[in-house]
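Student: For reference, the chains in residue letters:
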Amino acid sequence: MPKPGITVEECLLVGWKAAKGDRVTAGQAVAEIETDKAGFDVEAPVDGVLLETFFGPGELIPVFTNIAAIGQPGENYDDLRPAATPQAAESVRAATPTAPAPAREAAAQATAPPAPAAEIAAPAQAAPVVLSPRARRFAQEHGFFPARVSGSGPQGRVLESDLEEIYYRSPRLSLLAQAMIDAGHAARGEGSGAGRMILSSDLATPPVRLAGIRETIARRMRESLAKSAQYTLHSSADATALLNLRKRLKASGSPALASININDLVMRCAVKTLTEVPELNAELIDGQLYRHERIHIGFACDTPRGLVVPIVRDSQDLSLEELAARIHLLTDQALNGALEPDDMTGGTFTVSNLGSLGIESFTPVINPPQVAVLGVDAIQLKPARRGDAVEFVDYIGLSLTCDHQVIDGAPGARFLKKLRENVENIECTI
Amino acid sequence: MHDLIVIGAGPGGYEAAAHAGQMGKRVAVVEKRRVGGACLNVGCIPTKTFLKASKLLFECRNAAKYGIRASEAQLDMPALLARKARIVGTLTRGVETLLNRSGVEAIAGHARLASRNTVNVDGRVLETKNILIATGSRPAVPPVPGIDSSRVLDSSSALELDHVPERLAIIGAGYIGLEFASFFAEAGSKVTVLEMLEETTAAGDAEISKRLTDAIRRSGVDLRFSAAVRRIDGNKIYAGDSELTADYILNATGRVPVVEDLGLDKVGVDYDRKGIRTSDRGKTNIPGVWACGDVTGRKLLAHAATREGIVAVNNMFGQPDRIRYRGIPAVIYTHPEVASVGYSEMELEALGIEYRKSTAPMGVAGRFLIEHEGGSGFVKALVGARYGNVLGVHAIGDGASEFIMAAAFMIETEMRVSDVRELVFPHPTIGEALKEAIVRAG
Numbered sequence: 021m022p023k024p025g026i027t028v029e030e031c032l033l034v035g036w037k038a039a040k041g042d043r044v045t046a047g048q049a050v051a052e053i054e055t056d057k058a059g060f061d062v063e064a065p066v067d068g069v070l071l072e073t074f075f076g077p078g079e080l081i082p083v084f085t086n087i088a089a090i091g092q093p094g095e096n097y098d099d100l101r102p103a104a105t106p107q108a109a110e111s112v113r114a115a116t117p118t119a120p121a122p123a124r125e126a127a128a129q130a131t132a133p134p135a136p137a138a139e140i141a142a143p144a145q146a147a148p149v150v151l152s153p154r155a156r157r158f159a160q161e162h163g164f165f166p167a168r169v170s171g172s173g174p175q176g177r178v179l180e181s182d183l184e185e186i187y188y189r190s191p192r193l194s195l196l197a198q199a200m201i202d203a204g205h206a207a208r209g210e211g212s213g214a215g216r217m218i219l220s221s222d223l224a225t226p227p228v229r230l231a232g233i234r235e236t237i238a239r240r241m242r243e244s245l246a247k248s249a250q251y252t253l254h255s256s257a258d259a260t261a262l263l264n265l266r267k268r269l270k271a272s273g274s275p276a277l278a279s280i281n282i283n284d285l286v287m288r289c290a291v292k293t294l295t296e297v298p299e300l301n302a303e304l305i306d307g308q309l310y311r312h313e314r315i316h317i318g319f320a321c322d323t324p325r326g327l328v329v330p331i332v333r334d335s336q337d338l339s340l341e342e343l344a345a346r347i348h349l350l351t352d353q354a355l356n357g358a359l360e361p362d363d364m365t366g367g368t369f370t371v372s373n374l375g376s377l378g379i380e381s382f383t384p385v386i387n388p389p390q391v392a393v394l395g396v397d398a399i400q401l402k403p404a405r406r407g408d409a410v411e412f413v414d415y416i417g418l419s420l421t422c423d424h425q426v427i428d429g430a431p432g433a434r435f436l437k438k439l440r441e442n443v444e445n446i447e448c449t450i
Numbered sequence: 345m346h347d348l349i350v351i352g353a354g355p356g357g358y359e360a361a362a363h364a365g366q367m368g369k370r371v372a373v374v375e376k377r378r379v380g381g382a383c384l385n386v387g388c389i390p391t392k393t394f395l396k397a398s399k400l401l402f403e404c405r406n407a408a409k410y411g412i413r414a415s416e417a418q419l420d421m422p423a424l425l426a427r428k429a430r431i432v433g434t435l436t437r438g439v440e441t442l443l444n445r446s447g448v449e450a451i452a453g454h455a456r457l458a459s460r461n462t463v464n465v466d467g468r469v470l471e472t473k474n475i476l477i478a479t480g481s482r483p484a485v486p487p488v489p490g491i492d493s494s495r496v497l498d499s500s501s502a503l504e505l506d507h508v509p510e511r512l513a514i515i516g517a518g519y520i521g522l523e524f525a526s527f528f529a530e531a532g533s534k535v536t537v538l539e540m541l542e543e544t545t546a547a548g549d550a551e552i553s554k555r556l557t558d559a560i561r562r563s564g565v566d567l568r569f570s571a572a573v574r575r576i577d578g579n580k581i582y583a584g585d586s587e588l589t590a591d592y593i594l595n596a597t598g599r600v601p602v603v604e605d606l607g608l609d610k611v612g613v614d615y616d617r618k619g620i621r622t623s624d625r626g627k628t629n630i631p632g633v634w635a636c637g638d639v640t641g642r643k644l645l646a647h648a649a650t651r652e653g654i655v656a657v658n659n660m661f662g663q664p665d666r667i668r669y670r671g672i673p674a675v676i677y678t679h680p681e682v683a684s685v686g687y688s689e690m691e692l693e694a695l696g697i698e699y700r701k702s703t704a705p706m707g708v709a710g711r712f713l714i715e716h717e718g719g720s721g722f723v724k725a726l727v728g729a730r731y732g733n734v735l736g737v738h739a740i741g742d743g744a745s746e747f748i749m750a751a752a753f754m755i756e757t758e759m760r761v762s763d764v765r766e767l768v769f770p771h772p773t774i775g776e777a778l779k780e781a782i783v784r785a786g
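So the sequence lines, in the order shown, correspond to chains C and R. So for the first sequence, my numbering puts the first residue at 21; every next one is plus one. So for the second sequence, my numbering puts the first residue at 345; every next one is plus one.
These are computed hints drawn from the structure, not numbers from a lab. Quick reminder that beta carbons are idealized off the backbone N, C-alpha and C, glycines included. A hint or two may mislead.
Each pair of labels, with its calculated beta carbon distance range [said to hold, decoys possible]:
id, chain 1, residue 1, chain 2, residue 2, range
1, R, Glu766, C, Ala206, 21 to 29 Å
2, R, Phe753, C, Arg229, 32 to 40 Å
3, R, Ala729, C, Pro275, 48 to 56 Å
4, C, Glu210, R, Pro486, 40 to 48 Å
On the chain R side, residues computed to face chain C include the following (Cβ under 8 Å) [said to hold, decoys possible]:
id, residue
5, Gln663
6, Arg666
7, Glu691
8, Tyr731
Based on the sequences and whatever the hints tell you, model everything.
Tutor: So, in structure tokens, the structure goes:
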């Protein structure tokens, strides 16, 4: 092994250019070696036959070590054999990088560029990545220690070209993007900068851990959909009477009556209907169905902290005025975060009104362990037959979700039918 | 069947054609005048040749300040025109060589779209998979009575004057008007600039606009704002309440995209008088029809046109690419120069982006004092409030055009003040003022 440079102590044997038994002439390249700076050929010093090679490709060999024997067939070359196979290779095992470039890796993983070398995991978990001297130098100079890299060199050794391939082909991060990734931002999709450089604008804001009320909502909604068999029925009721009543209440002069809104009226109808179709006023807990006589009706309330469902207890005993007053009080408390825990538990049925936001129909999610939830939709004009003529009439949409485990389609539909009648004949209902 | 026919051989078209040619595509570029477009023939290149002369004239006149005694310097207009022609000639031949070497067929004539993949060049019908419209822009003609007077020049004909007019009126204090004002004032004309608005918007930064206005006025230009031209009568101009007589009137009210007589309506290309609408990949609404440069009305800068053309070519041949304007610098080659890149303060405020700003006088760079005796200027840096990333750089002072690219790199790679601190600028160079301005923002 020649000493190709003043500071070179060992060289990597890349491969043999002649096979054992080949006749070689002086000056012919027989082996290819690599230092941390460059690649060289080792030339045969004499004419002869390549009798033996003492090292295989991929081994690191101290300089001035015999790497092969050239002579005449049958000649004894034992005294040319190096004393002991050097274990220098240990010194070049790339220690698991202590300071990897997480940002770079994040970038490499965030996109899927054509970087085949990076796609393939190192063959065995335990086996440390072995870098060639030049690869090691490249890694150190660029502060680049990819976690996964498959070497194309002998015995899977990682060559400088392998690292270069990943380094220059994988998308780069702008300095700002790198700092922001270190601060928790995530790289998403393709870089939009020069050469697909990932810029700050390509990053997503750091994820927010769900906390408090949001976590409760998330869990309950997940459980609701996972543990029940929900279906939704959509219908609509002629809202003419409803709107007329509202108009009259508004014009009544009494502040209490004037404050009663469409939602309050529909809530009143829902309570009335639950007394008529009590199957829906129930809870399903651990396979046991609890039917309730008292109607603790909840209503979904959008607050700055998220969705809460205040409960109006014993709503079946309340007049329209009382019900409306209670709903308004609870709504104010909900918006101010002043609800008592008791006001949010023990509901037997829920109403969710998205109609004021213009929603035409939706599939409300049951608030377990309840078995049904009523969605109130927007009021829309619909053509309706009146004798021989077609008129446009205001209709309010109603969306009912039931748990099919305990409420079949027909009872659900019956509830909606009753509710429709109660809405259309609101004067009688209240 | 061509892979691409480019209409217009300006900096958008010829570079795009050459790029496609180098990709091995069958490309033709159609030009009805001379290759090089406005930029090379009647724009960037000739005007900068003129401005070099006026700056040199200024230096000769101030030679004593540099320790040189010289006899009185005189502008030799015919010699300047000859130099301009020589430079334009050299560069035009360079473009022809580039097209030739890239295997691009150059066709002389007027091209019109006949369909989304047919181009008609004076009766000759060419089939193509893609069409890139790069017809550029021409001087705008405002609806002012008498604007068609023989005394009215535009930026093209002003470059053909074989003498320096005694009195020159310039309509418009945009970058074109100010560059001509800068040249003719130095050359000895009595220059009046009439601007409709209350200030020049050429610089994009209020402080720099003000400094530029002051400098232009100091050079002897009568720069009038809120002076809308109402009427031109021969060599008389009626602007605001005043009346003005000039030997020539230069109309420098801006440029408008060339969208007429191209067959755009026939093919249904979406455009209006502000230009052809394109995506940031260079696509028009018609598949296979692309556009770049001034005709899109996007940026009206030669170097932006070049990049837009290359983006379009990359996309048409399967290499996704997108134009980004944030890092494209703009320069006004007046005396003093103005150069800028990135966001302006106005834009940052409109977008609600929090920023810090800092300035450094050009004089912090020793080289500036050496090169520009008596000159002044400053560099303004705008950096993000949170991370200190460079958002915009605006500079006034001679030499700014040469270092603004460094600021563009910083913006393109989102460098922060802390990163810029690690960059080493050669000493002494004027660009040191850039580093100083940014470091001061930290």
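Student: Hint by hint, note whether the structure agrees.
Tutor: How the hints compare with the structure:
no., hint, result
1, R:Glu766 with C:Ala206: 21 to 29 Å, "27 Å, holds"
2, R:Phe753 with C:Arg229: 32 to 40 Å, "38 Å, holds"
3, R:Ala729 with C:Pro275: 48 to 56 Å, "50 Å, holds"
4, C:Glu210 with R:Pro486: 40 to 48 Å, "44 Å, holds"
5, Gln663, "11 Å, violated"
6, Arg666, "6 Å, holds"
7, Glu691, "15 Å, violated"
8, Tyr731, "6 Å, holds"
Hints 5, 7 from the earlier list are contradicted by this structure; the remaining hints agree with it.
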